[in-house]
Amino acid sequence: MLTIEKIDAYYGDLQSLWGISMQVNEGELVALIGPNGAGKTTTLRVISGLLKPGSGNIRFHDHNLGKESAHKIVELGISQVLEGGKIFTGMSVLENLELGAFVGRARKVKDASLKWVYQIFPRLEERKSQRAGTLSGGERQMLAIGRALMSKPRLLLLDEPSFGLAPILVEHMFEMIKEINKQGVTVLLVEQNVRAALELAHRAYVIENGRIAGQGTAKDLVSFESVRSAYLA
Amino acid sequence: MNRRQIALLLLIIAILAALPVVIKSDSTINLAVYVLLYVSLASSWNILGGFSGQTNLGHAAFFGAGTLATRFLWLSGWNLFPSLLAGGLLAVALALLVGIPAFRLRGVYFAIGTLALSQILYITVGNTFSMISSIPAQDLAVYQLAPRYYLFLGVALLTTGTGYVLVNSRLGLGIMAVREEEDAAESLGVSALKHKLLALSVSAFFGGLTGGAFAFYHVGYYPQLPFGIEWTFDSMMMAYIGGVGTIVGPIIGAVFFVILRELLALKLAEMHLIVFGTLFILVVLFLPGGFVGVWEKTRKALARR
Amino acid sequence: MFDALAQNLVYGILVGALYGLAAVGLSLVFGVTKFLNVAHGEFLMFGGYASFWLFTLWKVDPFVSLPAAIVFLLVLGAVFYKLLFGRMVKLTEAEKIQNTLLVGFGLSLILQNLALRFWTADTRSITTFYSGAVFTFAGVRFPIVRLASMGIAFVAVVALQLFLRRTYTGKALRATVENWEAATLMGIDIQRVYLLSFVMGAALAGVAGALVSVGYSIDPTMGMGWTLKSLVVMVLGGLGSITGTFVGGIILGVTESATGYFLSLTYKEVVGLVLFILVLIFRPQGLFGTKEG
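Residue numbers (the numbering used here), protein chains in the order written: chain A, 1 to 233; chain B, 1 to 305; chain C, 1 to 293.
Careful, some of the hints might be misleading.
[As the list claims (entries may be wrong)] No farther apart than 20 angstroms at their CA atoms in a straight line, the calculated lysine-lysine pairs in the PhoX-like style are these:
{"hint": "1", "chain 1": "A", "residue 1": "72", "chain 2": "A", "residue 2": "110"}
{"hint": "2", "chain 1": "A", "residue 1": "110", "chain 2": "A", "residue 2": "128"}
{"hint": "3", "chain 1": "A", "residue 1": "178", "chain 2": "A", "residue 2": "115"}
{"hint": "4", "chain 1": "A", "residue 1": "72", "chain 2": "C", "residue 2": "90"}
{"hint": "5", "chain 1": "A", "residue 1": "67", "chain 2": "C", "residue 2": "96"}
{"hint": "6", "chain 1": "A", "residue 1": "52", "chain 2": "C", "residue 2": "268"}
Think of the hints as simulated: they come from the structure by calculation, not from any bench.
Chain A with its partners taken away, still in its complex shape (with noise of 0.2 angstroms):
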């Protein structure tokens, strides 16, 4: 589904990915998992369309997304949730997640994707008339994720869902991602919670440095990353 070949990615001058190569089946839940400021949520951002890659070839079915705008990758069928949710606080949950169905083909099943996310996430549904500027972290991610849910994509990126939430929600959150997986949408997940990923994860990638250091299915990985625990965990 989605082919990444040797992307080379740039910030200004600074390269800040070298080489990565990767590759995203269809129902797959795939984990990139790396220390921080390995280049995982840079690899995330080049496959959105938020950061142009200096070379290399992303492909998602038959689509060359290498020059795409962000925008028009969404309407692909490729939807991230950037760290931290980022959702738009003075607005109402409701209009969050409205504004999730903007592209053409998402508005059109606006309703029915409403209640699939309500389905997922109950709490949505009971506060969707505040502001969400007043919802609590743990909201504002599950938030974060229906919204990017609305779109209908077919593959999801989420960027540390799990990041500053308390352990119990965790566990839902990490729940809820299993489900949206088996429920159809592939899922990309970026996360340093190494072990939660691994449990959830088909296959999954190790980036350092900017430079894929390993991958494999998630079961081969939990047993190289008891090596590598040391500075993984």
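Dock chains B and C against the given chain A, drawing on the hints supplied.
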């Protein structure tokens, strides 16, 4: 500067000094006066706007303050040089009055704050001193153009010279460091406020001094005139088109501006402003180095061949 | 004496509505794009001239020709966006503010002088058969034209608010103001949002200008003064608040009138600017500001 550059500079100064002696045409001398005036204004603006990176939209206030003080004192009987000095100092006082609170705010607030200040002065001066200021008849009888010309020449040389010395000094380094990365500079012990105020003061002083020369030069004018916004705009545009943040840039810009104005004065009035405005926009959008920048790029490109 | 004061205040409110309308246009553009278009006043001036020439040449009533002024400014705004401002979308916020300020100055100079060339420096004004009509209440005169203008300004601002609050596109605009990256990730085309805000801001200025041409007067050099007033009101009313900005306009109008009445006409002209500097120094978020400017 190397030997050749110094020799060239001295040659230029010699030519400029000899001008009134050689050329007897008053209109040419007046033209030269305006070139020198704009050189001073653009260069003084550049010290704050270019070297220090603080877009000052109220330079006319300094220019005008200089004219007010100098004109008033000189016509009251003071000698010329103390009057000029007073003009420069009044401008500095005004600048500090605005600068100290304004520099606490982010960049754009300084810009529009100075714009507002300059407009306030324009309107207030216009309402308070609504009559033309004229040189009294007995002084008019002995009015000579040459001393005015030399005064402007002196001010222009002083302004650009000070700019040059400042830029190449440690203070100048500090000023430019603050321009580039204010926080980083602060963390290295470079006081952003002090350096900005220094640049502001120097810029204002020479703006005021130029104003003083203007007051000495003009036979009759409305006191409101030098506070007009066009003096700020023109100075800023000259600096940008010539090459903002360089020494030579404002000079080139000023010469270009006056020549353009003369050339187009025959055709259509005010066309030169449209052309100049367009050039200014082009520089801001595409050629941030102005003429100097283009020259540097061309030189480098040719050197590679 | 009370009559004279009340009359003055009424005039202040009436003109303040136009200040507010103009400022809302500038505030919309700045809020969404962080462009500080100081040629805003020239857009207003062009709106005024459009209305004036339609009336002078083809006898179109200025209130009837408002839609034409709107269309004219939408097009003009689009042209200048594509030519100039659209190129600055990718800059950092600080660079955007700085560069659009400079480009705006260049543009205002060009537009001003073009207007001077083609339309001369004469002050113009539209006088219709109803221009002298006055509605009197409690001894205070309400010129019909100015009253209608205030009404239109009010309607325009309400329409804008409805657009921003109730329509998908309007919400997309607000989302872009909050967080443009998150907005892009919703599939919102930021370039389109920027363009839309810019031309809408220009159109609002155009409407204000058309209303000024019939209720007051216009001339090619009026632009900078109106830009400054818009800036003053924008800062007074607080960036990020459309309603606050409109109210700020009325406050400026009333303050000017009161100053003119109690002090003198000179101070009336400068009070706005003085207020501006004071607000900048002591309360940069304005009176109703919702976010830091």
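- Query: Is residue 178 of chain A close enough to residue 115 of chain A, meaning Cα to Cα at most 20 angstroms?
  - Reply: 18 angstroms, holds
- Restraint status (C-alpha distance of residue 72 of chain A to residue 90 of chain C at most 20 angstroms): At roughly 17 angstroms apart (the allowed maximum being 20 angstroms), residue 90 of chain C and residue 72 of chain A satisfy the hint.
- Taken at face value, is the distance from the CA of residue 96 of chain C to the CA of residue 67 of chain A at most 20 angstroms? 24 angstroms, violated
- Task: Would you mind confirming whether the straight-line C-alpha gap from residue 72 of chain A to residue 110 of chain A stays at or under 20 angstroms?
- Result: This hinted pair holds, its Cα atoms lying about 19 angstroms apart.
- Between residue 52 of chain A and residue 268 of chain C, is the straight-line Cα distance small enough, at 20 angstroms or below? 53 angstroms, violated
- Item | 20 angstroms Cα cutoff - pair residue 110 of chain A, residue 128 of chain A | Measuring from Cα to Cα gives roughly 15 angstroms; hence the hint holds.
The structure is inconsistent with the numbered hints 5, 6, although it conforms to all the rest.
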